[in-house]
Amino acid sequence: MSTISQFALLFIGGALINNILLTRFIGLCPFFGVSGNMETSMGMSLAVVFVMMMASTATWVVWEFVLAPLGVGEFLYIPAFILIIASLVQFVEMYLRKASPVLYRAMGIFLPLITTNCAVLATATEAAKPGFFKLNIPVGASLSLGQALIYTLGVSIGFGFALITFAALRERLELAAVPRAFKGSPIAFITAGLLSLAYVGFSGWFGL
Amino acid sequence: MNEWIRTFRQGIGIENPLTVLMIGLCATLAVSTQVQNALFMGLAVVFVVTMSNVLVSVFRNAIPSEVRIPIFIVVIASFVTIVDLVMKAFVPGIYQVLGIWIPLIVVNCMILGRAEAFAYHNKPLLAIADGLGMGIGFWLVMVVLATIRELFGTGAIVWFETTLVRLPAGYAPPSLLLLFPGAFLVFGFMIAGTRWLGERSAARAEARACRR
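Heads up: the sequence lines are chains C and W, in that order. Using the numbering used here, the first residue of the first sequence is number 1, and each one after it goes up by one. Using the numbering used here, the first residue of the second sequence is number 209, and each one after it goes up by one.
Quick caveat, the hints were computed from the structure, so don't treat them as lab data. Positions of the beta carbon are idealized from the N, C-alpha and C atoms, including for glycine. Among these hints, one or two may not hold up.
[Stated by the list, open to error] Calculated Cβ distances over 12 Å to all of chain W for the following chain C residues:
{"#": "1", "residue": "Leu-28"}
{"#": "2", "residue": "Met-38"}
{"#": "3", "residue": "Phe-50"}
{"#": "4", "residue": "Tyr-95"}
{"#": "5", "residue": "Ile-164"}
{"#": "6", "residue": "Ala-168"}
{"#": "7", "residue": "Ala-176"}
[Unchecked claim] Covered stretches of chain W, as calculated for chain C (at least 3 residues, CB under 8 Å):
{"#": "8", "stretch": "262-272"}
{"#": "9", "stretch": "315-327"}
{"#": "10", "stretch": "370-383"}
{"#": "11", "stretch": "401-410"}
[To be verified] Partner residues aside, some chain C positions facing chain W, computed with beta carbon under 8 Å:
{"#": "12", "residue": "Phe-25"}
{"#": "13", "residue": "Ile-82"}
{"#": "14", "residue": "Ile-84"}
{"#": "15", "residue": "Leu-121"}
{"#": "16", "residue": "Phe-182"}
{"#": "17", "residue": "Ile-190"}
{"#": "18", "residue": "Leu-197"}
Isolated chain W, as found in the complex (with noise of 0.2 Å):
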């Protein structure tokens, strides 16, 4: 059970896919404008990464390594072409905004990483935990990157219509967070920030244990 929990938490945290190991970005910067939009792809993220993981896992020992990737692309693109149509079904508006980035999970590299690194190698529970883990930590920046970026951008938080959240009637919103250089220039401060944060933990656990 805790090495269950430490694999779940690796994916949030000191292995996040976007913050540290900086794969699967495309999708994350291109639909992170609107928080409604990152949330329903990054479920789509988690759903497609943990059930290809689990497959990958459970035939781990039926899979021959030479011929492994075109099966892991295959098991990827059916669980896409399932989230495709089922959001084509019940979510149209949001399906037709997302457009070509609900079958581009397929060529996320991120997908097919955990599969080679992680689910061809380990049982299928902790396969859960690792793609549970790795989707939720995509999942979180892409909803703090998209938070950002709609509140500041556009000066509301909007949910299907609702607004949630609204900045004083004096903010004059700029247009440049809501364009595509906005997605690089916030996220190159969000990695730099958690690069500080992540350093200055360290300092103190390092002086923290000194002391002792």
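Isolated chain C, as found in the complex (with noise of 0.2 Å):
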């Protein structure tokens, strides 16, 4: 298979067919937590593309470099992981606030939330060490610094994606009248499911 198409599956794959969020419900507490509004969803989505990419980039390069050829990245790759993440989320957070207000204010908040996200976590992992989704995609066992990030770049772009159609269809949901029961976060999840049910129409496209 060509480079080309294998980026465009492994794009299409992170982004449509295997949505983090609605179809691996990984992610959730910012799904829930920052979809009341446009505006701060926008800003979510553009948080974590800008900390996956960067995520994914560490990750592999220690997985590759450090943990694989000393042979510790069976039982270390989790707590080595996680800091990873936490610390480079740190540095950006800092660096973003001396460099650039303009992207500090449009994202600054989100930073901190997004360190115990398990969206960046579990992309990370897949990204260094491939094998828990089951992409089914014949690149081997793992995947180049190239591919590891086009991968990414899909699933964040997937998130930011069902993140805002959430967001647009809750901010609708609020003048909704809807049982007094179901105010709130039951309906909210019933127009979850009514959403990834959307995105099951997707499996199978190009036998993924």
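Make the complex out of the two chains shown on their own, each in a separate frame, by following the hints.
What follows is the structure, encoded as structure tokens:
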């Protein structure tokens, strides 16, 4: 398979077919937490794209050049990856505050929240050490750095897309008349269920 | 002792992490396709939350508050690694199915939340009660969700290839319940149900108080 089509498959597989929020249930806390209005969900999506790309690069490099060669990856990868992500996010926050106030205002408050967002850890783990999601992509047991980054980009854009769609739906739901017991979170779950029903339609595309 | 029991019951009832606080949802929705998976996942979560609560509580005076979050994460990550390796060795079939959900227990907000909100300010014995209560509250809701999904989604409940319960032969199960949307839908109805029950019992208690 040519490189381009492999990249396209990784991207589409990450963004739509294996959408991390609606078909894998990863990162649901921000999905229900910040989807109250459009603006915050856009800031959150931007921050997730940014952090995920950096986290995947870092974990890929550490796995490839430190953990795997030393043979300690199997039992050290969980603490190693979460520490890398946590400290990376902290540094990015400090750097952004100094270097780019505009960007910091757009996504600053979301950065600390993202540290304990399972979507970032899941994607970074998958990029460095594939196999958990059963991607069904004929690229062998490990991804190259380029493939890992394309995959991460797909996943994070899929995350943002689902989050923003859901926020748009919830803004409308605020005004809808729903039974009292369903007000707030129960109706949000049911809406998420219907939205995720739409994503079921993508499964099987390109045999993925 | 009374305080111990009250703390324990809080996690199961009025502060239930799933139906009331709604934290730690990801794992619950994802692994609740089978009762068997939900039981093992719940066991792992109960173990990690209780042990990390105890350790954080024992060392609560030695942990400086500026770096407490990284320390909590490392404590949690170590217990998760234990669970990860033990499950891989003893129940490889379940480990295969749970997959990424085992390492992701590290970032389950419920566990970090308990370390931060409870264990860091309380004595070890109470921290055990809190960990067990929260863990078991999480476990119960997950198992109920999994029972509904497995029973009505496949028509039977299976435990390691032995069928425990089977619905009448004429029942044709809808695959929707087993697919991803089913989890959201069933859970939405479950929260609405618990909320309705809670409101009803509150109203009754109020009526009883008025009569007196």
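Violating hint indices (sorted, rising): Numbers 1, 8, 10 and 14, in rising order.
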